[in-house]
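Take the sequence shown: its letters are residues 4 to 171, numbered as in the working numbering.
Hints are computed from structural coordinates only; laboratory data are not their basis.
Where hints are given, some of them may not hold.
[Claimed, not checked] Between beta-carbon pairs, the in silico distance windows are:
(1) V81 / L39: 24 to 34 Å
(2) A148 / G6: 55 to 65 Å
(3) P40 / Q153: 13 to 23 Å
(4) L126 / D70: 18 to 28 Å
(5) C106 / Q146: 45 to 55 Å
(6) M15 / P102: 22 to 32 Å
Every residue, glycine too, gets a C-beta built ideally from N, C-alpha and C.
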Amino acid sequence: MVGVILGLVVGMGVILLVMGLLKRFAREAVPTLVDLPGGAWLVGGGLGVVTVLGVAGWLRCTSGVSDRARLARGLQAVGTAVCCAAAFGPFFLLLSGLPGRNCRSESCAYIPGTGSAFLAYVLSAGLVGWSVHHWTSARAAEQAALEREQVRRLRKKGKGKSRAARRR
């Protein structure tokens, strides 16, 4: 019982240390990103596109077959972790540049340009995500229509039931 409690305490300490270091890194990196050519709007838009690509990769990695070799499953897990970081990293990076709620020290003050970068991030992630979703659903509907037409033609010839049953 003491080992479990000690493990929880050490684990929470490590998690808080890592989160603090990541927040400090983000607070140092956000002003540099916002000062890049193109300004905060371009940075926010680019990070929004990175988020959409990360989500698409994450969904693709998690939909794989699970009865693979151990090395393939390990590589799939690494790919899923990278895509998850690409999906959530930009959001938390920009979120850390916004002001702290009840903090008056300089370490949690507002970083100029972060609000417009966050707005551009939300707009670009929403628009690109919607267009990717619309495109993939249109492709899936077109593929389903082609399959239905093929089965209809086979049934017209009297061969549809057996081939459709074998294919599914």
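We went through each hint and held it up to the structure:
1. Distance hint check: the CB atoms of V81 and L39 are about 29 Å apart, consistent with the given range 24 to 34 Å.
2. About 60 Å separates the C-beta atoms of A148 and G6, a value consistent with the hinted range of 55 to 65 Å.
3. The beta-carbon spacing between P40 and Q153, approximately 52 Å, falls outside the hinted interval of 13 to 23 Å.
4. At about 41 Å, the CB distance of L126 to D70 disagrees with the hint of 18 to 28 Å.
5. Roughly 52 Å separates the CB atoms of C106 and Q146, a value that falls within the hinted 45 to 55 Å.
6. Checked against the hint of 22 to 32 Å, the pair M15 and P102 passes, with Cβ atoms roughly 26 Å apart.
In summary, the numbered hints that this structure violates are 3, 4.
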